[in-house]
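Enquirer: Residue numbers (my numbering), protein chains in the order written: chain A, 1147 to 1251; chain B, 932 to 1053.
Read the hints as simulated data drawn from the structure, not as lab findings. In this text, all values refer to a predicted model and were calculated from it rather than measured experimentally. Glycine included, every Cβ here is placed at the ideal spot set by N, Cα and C. Hints are not guaranteed to be accurate.
DSSO-like, lysine-lysine: derived pairs with alpha carbons at most 27 Å apart [as the list claims (entries may be wrong)]: (1) B/974 to A/1248; (2) B/996 to B/974; (3) A/1248 to A/1185; (4) B/974 to A/1185.
What follows is a set of in silico ranges between Cβ atoms, one per label pair, in the way DEER data are often shown [unchecked claim]: (5) A/1225 to B/1016: 44 to 52 Å; (6) A/1173 to B/942: 35 to 43 Å; (7) B/988 to A/1160: 43 to 51 Å; (8) B/934 to A/1250: 23 to 31 Å; (9) B/957 to A/1172: 32 to 40 Å; (10) B/1033 to A/1147: 20 to 28 Å.
Computed footprint of chain B on chain A; a stretch qualifies when at least three of its residues, placed anywhere within it, have a C-beta under 8 Å from a C-beta of chain B [stated by the list, open to error]: (11) 1181 to 1192; (12) 1232 to 1238; (13) 1243 to 1251.
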Amino acid sequence: DIQMTQSPSSLSASVGDRVIITCRASQTLRNYLHWYQQKPGEAPRVLIVAASRLQSGVPSRFSGSASGTDFTLTISNLQPEDSATYYCQQSNRAPYFGGGTKVEI
Amino acid sequence: DVQLVESGGGLVQPGGSLRLSCAASGFSLSTYWMSWVRQAPGKGLEWVANMRQDGGEIYYMDSVKGRLTISRDNAQNSVYLHMNNLRVEDTAVYFCARLVVVTGHYWYIDLWGRGTLVTVSS
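Let the sequences and hints guide you as you build the complete structure.
Expert: Next comes the structure, spelled out in structure tokens:
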């Protein structure tokens, strides 16, 4: 199994802030790490794939990076609509998803 | 519209069975790997199963092996999750999901349904 440790589990920030969410993998992933956003009562949507590839339609204030087994999702200039829970997902080996980070604004 | 719509959830007693359905529209199911992902109330996302386009490769999370079975009918553009011997801990919203598979270890979910709630309780 590959364990994904996502931190923090929750955070509170203000509009305009920069927020950083981290996922640490228990093994090397070769950057096969993806980020999703889930708003209450909704299905998740993919934001970033392969650590840093922004998906079509996702605002450019979202960005991702990787360093070894550490992966970060950065939200710059935080907006009210960014209030959500964010999940990382690796695709090497189960159980795949990180535990989530709830972002409150 | 490109979408996935789940149905079949409900209340079932421990040890009972249920069949979830996922109807795809706006695209051909036969060209995609498909998946089920679940989310217990107030908890995070948990992968359940993946299935290749032709059904030739199927993968399950350990705790559902032998109890939950993914299947598909490409002609009907539908995916199913057959759930047997259900446990209280299977209570969750079950999402049907479409995968983008680049390589065996490089895949992600690009389309999700809205989910259907399964409650296992006596």
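Enquirer: All hints are to be evaluated individually against the structure, with a verdict given for each.
Expert: Hints versus structure:
1. Pair hint residue 974 of chain B plus residue 1248 of chain A holds up; C-alpha atoms about 11 Å apart against a cutoff of 27 Å.
2. Between the alpha carbons of residue 996 of chain B and residue 974 of chain B the distance comes to roughly 21 Å, so the proposed pair stays at or under 27 Å and holds.
3. At most 27 Å may separate the alpha-carbon atoms for a hinted pair to count; residue 1248 of chain A and residue 1185 of chain A meet this at roughly 10 Å.
4. Simply put, residue 974 of chain B and residue 1185 of chain A have alpha-carbon atoms about 13 Å apart, close enough for the 27 Å limit, and the pair holds.
5. Distance hint for residue 1225 of chain A and residue 1016 of chain B: a CB-CB separation of about 45 Å, consistent with the stated range 44 to 52 Å.
6. At roughly 40 Å, the beta carbons of residue 1173 of chain A and residue 942 of chain B sit within the given window of 35 to 43 Å.
7. The hinted window of 43 to 51 Å between residue 988 of chain B and residue 1160 of chain A holds, with their beta carbons roughly 47 Å apart.
8. A hinted range of 23 to 31 Å for the beta carbons of residue 934 of chain B and residue 1250 of chain A is consistent with their spacing of about 30 Å.
9. Between residue 957 of chain B and residue 1172 of chain A the C-beta distance comes to about 38 Å, which sits within the given range of 32 to 40 Å.
10. For the pair residue 1033 of chain B and residue 1147 of chain A, the beta carbons lie near 22 Å from each other, so the given range of 20 to 28 Å is met.
11. Here's how the stretch 1181 to 1192 of chain A fares: 7 of its residues keep a CB closer than 8 Å to some CB of chain B, so the rule of at least three is met and the hint holds.
12. A stretch counts as covered by a chain when three or more of its residues have a beta carbon under 8 Å from one of that chain; for the stretch 1232 to 1238 of chain A and chain B the count is 4, and the coverage holds.
13. Counting residues of the stretch 1243 to 1251 of chain A whose CB lies closer than 8 Å to any CB of chain B gives 4, so the stated coverage by that chain holds, three being the minimum.
Figure legend: structure checked against the earlier numbered hints; every hint is met.
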